[in-house]
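Number of protein chains: 2
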Amino acid sequence: MESISAQQLWETNFPEFIKAGEAGLNSLMASAKLVELPAGQQVFYPGAACEQYLLVLKGSVKAQIISEGGREMLLYRVCSGESCVLTTSCLLSGDKYPAEGITEGEVMAFAISSHAFYRCMGRSAFFREFVFKKFSARLSGVIALLEDVTFNAIDTRLAKALLAEESDVILLTHQELATTLGSAREVISRHLKRFEAYGWVSLNSGTVNILNANALLNVATKQN
Amino acid sequence: MESISAQQLWETNFPEFIKAGEAGLNSLMASAKLVELPAGQQVFYPGAACEQYLLVLKGSVKAQIISEGGREMLLYRVCSGESCVLTTSCLLSGDKYPAEGITEGEVMAFAISSHAFYRCMGRSAFFREFVFKKFSARLSGVIALLEDVTFNAIDTRLAKALLAEESDVILLTHQELATTLGSAREVISRHLKRFEAYGWVSLNSGTVNILNANALLNVATKQN
Numbered sequence: 010m011e012s013i014s015a016q017q018l019w020e021t022n023f024p025e026f027i028k029a030g031e032a033g034l035n036s037l038m039a040s041a042k043l044v045e046l047p048a049g050q051q052v053f054y055p056g057a058a059c060e061q062y063l064l065v066l067k068g069s070v071k072a073q074i075i076s077e078g079g080r081e082m083l084l085y086r087v088c089s090g091e092s093c094v095l096t097t098s099c100l101l102s103g104d105k106y107p108a109e110g111i112t113e114g115e116v117m118a119f120a121i122s123s124h125a126f127y128r129c130m131g132r133s134a135f136f137r138e139f140v141f142k143k144f145s146a147r148l149s150g151v152i153a154l155l156e157d158v159t160f161n162a163i164d165t166r167l168a169k170a171l172l173a174e175e176s177d178v179i180l181l182t183h184q185e186l187a188t189t190l191g192s193a194r195e196v197i198s199r200h201l202k203r204f205e206a207y208g209w210v211s212l213n214s215g216t217v218n219i220l221n222a223n224a225l226l227n228v229a230t231k232q233n
Numbered sequence: 010m011e012s013i014s015a016q017q018l019w020e021t022n023f024p025e026f027i028k029a030g031e032a033g034l035n036s037l038m039a040s041a042k043l044v045e046l047p048a049g050q051q052v053f054y055p056g057a058a059c060e061q062y063l064l065v066l067k068g069s070v071k072a073q074i075i076s077e078g079g080r081e082m083l084l085y086r087v088c089s090g091e092s093c094v095l096t097t098s099c100l101l102s103g104d105k106y107p108a109e110g111i112t113e114g115e116v117m118a119f120a121i122s123s124h125a126f127y128r129c130m131g132r133s134a135f136f137r138e139f140v141f142k143k144f145s146a147r148l149s150g151v152i153a154l155l156e157d158v159t160f161n162a163i164d165t166r167l168a169k170a171l172l173a174e175e176s177d178v179i180l181l182t183h184q185e186l187a188t189t190l191g192s193a194r195e196v197i198s199r200h201l202k203r204f205e206a207y208g209w210v211s212l213n214s215g216t217v218n219i220l221n222a223n224a225l226l227n228v229a230t231k232q233n
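Residue numbers (this note's numbering), protein chains in the order written: chain U, 10 to 233; chain P, 10 to 233.
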């Protein structure tokens with residue numbers, strides 16, 4: 010019964026794995042264990058070794074870095090149909106994790122042992138390409154984030170983050186925005202209050218209402 | 010005669026390739042072309058496609074990102090015995106380069122066609138591990154840089170950069186330090202002048218002399 014449901018999960022979430030029809034890949038899929046994790050669970054932390062490759066089926070895992078002073082910054086989210094690049098990196102290099110991963114809501118995933126992962130990397134051209142493509146895309150993402158943090162002032166990045174929500178009513182606290190941007194809550198609050206004084210947004214507890222998206226767009230695209 | 014010298018270059022710079030003794034790897038080595046590039050040549054730029062894998066034999070290539078306003082930041086240097094992670098990433102994903110690469114001094118490298126690269130990734134466990142390890146190490150490096158830029162104030166990062174030179178006489182201009190840190194020259198000059206006023210460094214054109222390394226170490230390790 011369980012093997013049927015696992016097969017269905019592969020078909021629904023990773024149909025390209027089934028379609029590839031490679032023997033090496035089939036044995037990887039057969040060896041995968043289904044894991045369910047509660048909300049808010051730490052799945053990896055800085056300095057930990059990595060023992061398995063995860064493919065997320067439901068929910069998401071956020072990977073974030075933390076300063077010595079306790080400030081956080083979101084690196085990326087691993088969502089359904091994705092794998093975690095830091096996990097891949099640690100598996101491949103034998104290095105320890107440089108960041109932490111925490112489940113957001115309940116997460117269901119396939120866990121693949123490092124042994125099965127390595128064997129499949131050697132045997133399946135499809136799997137190598139799958140792993141590499143995810144890896145490359147994330148490296149580009151991290152470089153884009155670095156570019157943003159280095160070259161853009163915090164007001165520019167805050168305006169961009171607000172517009173990225175694609176809604177005029179944004180249900181995020183100042184702390185959540187600070188974590189996304191790797192900034193301190195007080196800094197974000199100060200800028201939001203300035204935006205409010207300019208008439209660009211109105212603030213309620215846990216909500217930011219956008220009143221003038223064009224003005225925010227000007228700030229978001231200003232050259233630094 | 011040329012093939013003997015290529016063989017010697019492999020032996021000197023990448024002895025582990027010879028030692029691995031894999032057939033798939035030998036054909037990769039045989040297909041590599043020796044290229045020589047002058048100083049200051051752009052080897053890749055943002056938006057360009059990637060067609061070959063480079064293994065640097067002599068000299069170094071700096072990979073840097075550039076803001077719309079023209080500010081630069083050094084991502085990393087590819088030195089002798091190394092490969093460029095962005096090149097690997099672009100080869101593997103088919104994506105365009107997200108940064109630019111420029112030779113520092115004359116550079117000698119082995120250029121390997123994307124075809125030979127792909128074939129060897131499928132055939133050689135040694136080569137896969139080589140490529141992955143370099144890739145993973147660089148991803149960790151980029152995340153560490155992101156952490157530094159996000160969480161550390163510019164004075165902390167400048168003090169760290171000065172101490173990293175491991176000499177009391179540092180032959181770098183304010184612009185070179187600004188590029189390393191992704192900051193503006195004026196910002197770096199202002200902080201260096203402050204360090205000078207405190208008696209921690211003395212400044213001459215193109216040189217920074219460290220007078221009080223302990224004071225700099227205090228700034229370099231302060232929590233943000």
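Treat the hints as calculated values from the structure; they're not laboratory data.
One should not assume that every hint holds.
Straight line, CA to CA, 27 Å or less: simulated DSSO-like cross-link-like pairs of lysine-lysine [stated by the list, open to error]:
1) 67(U) - 105(P)
2) 105(P) - 42(P)
3) 105(U) - 42(P)
4) 142(P) - 71(P)
5) 169(P) - 142(U)
6) 169(P) - 143(U)
Just so you know, these numbers come straight off a predicted model, no measurement behind them.
Practice task
Could you tell me which of the numbered hints above are not met by this structure, giving the numbers in increasing order?
Solution key: 1, 3, 5, 6
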